[in-house]
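> Chain residues, written in single-letter form:
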Amino acid sequence: MNPTLAADLVREVVTRHISEALLVPIPQITPAARLFSDLKAESIDIVDIRFRIEEEWKIKIDQQAMLESLGANLSAEQLDARFTVGFIIEYVTPLVTAARGRA
Amino acid sequence: MLTGIGFDIVAVERMRDLYVHQATRLRTTVFSEAEWAGLPPAASPDGDDPDARVAACARHLSVLFAAKEAALKAIAPPPSLAFEWRDIEIEACNPVRLRLAGAVGAHAAARGIRRWSGAVCATRTLGAAVVIGETT
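Same order as they appear, the protein sequences are chains Z and R. Residues in the first sequence are numbered from 122 upward in steps of one, following the working numbering. Residues in the second sequence are numbered from 23 upward in steps of one, following the working numbering.
Careful, some of the hints might be misleading.
As the list claims (entries may be wrong) - With the C-beta cut set under 7 Å, the calculated list includes, among others, these residues of chain R facing chain Z:
| # | residue |
| --- | --- |
| 1 | Q44 |
| 2 | R47 |
| 3 | E91 |
| 4 | E106 |
Said to hold, decoys possible - Stretch by stretch, here's where chain Z covers chain R in the computed footprint (C-beta under 8 Å, at least three residues):
| # | region |
| --- | --- |
| 5 | 32-42 |
| 6 | 93-105 |
Derived by calculation from the structure, the hints in this document are not laboratory data. Glycine included, each C-beta is placed from N, C-alpha and C at the ideal position.
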């Protein structure tokens, strides 16, 4: 799959799932939006978003690996700043590309 | 000595949606086998109400998830600590008894937390838990 197409598709679908999980209008789901402080996500919402994305593409998101990729020894403020919609899109895109390559 | 305390609430309706649509993923990535085994038994063919069972399961899972989150707050790991929800297993609710594994368990041990207590409660709409960690 063309990487640009994959990124566009992932952006569109992830945005929709976050919107549906958090009941937030799509225009507010920008790449820079922080899941916790901007979109008011809670732990159970993150679980929900993860499951929706896994279901959409039949992929497995390793929560531990995803958290590790945010960086080590972050303060709460740094974690919040890095855990954005854009981060999820960037993390998921190669997983989707790989899954579609196998299909 | 009290070392950490955590409190959390979870909307039952939120957990109900996950239970109805994502039960397999919940069972394999969030809750342990033992936690799942504690759900109300399946409806019997002689007339149990399946909707009532779903509601009861959602309430139970809400409480367990609230207890996991409360335990995490009591442990107070570094914000970016990578963990899995299954590493916090709620063995009993009132009083709370739990078992830790993985990075979360290692962090609790490093803080010297050896004893746990706490309580949970649920209404039709909310599951809530408070968890306390002590060093001795």
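> Could you check the structure against the hints above and give me the numbers of any it violates, in ascending order?
Those not satisfied: there are none.
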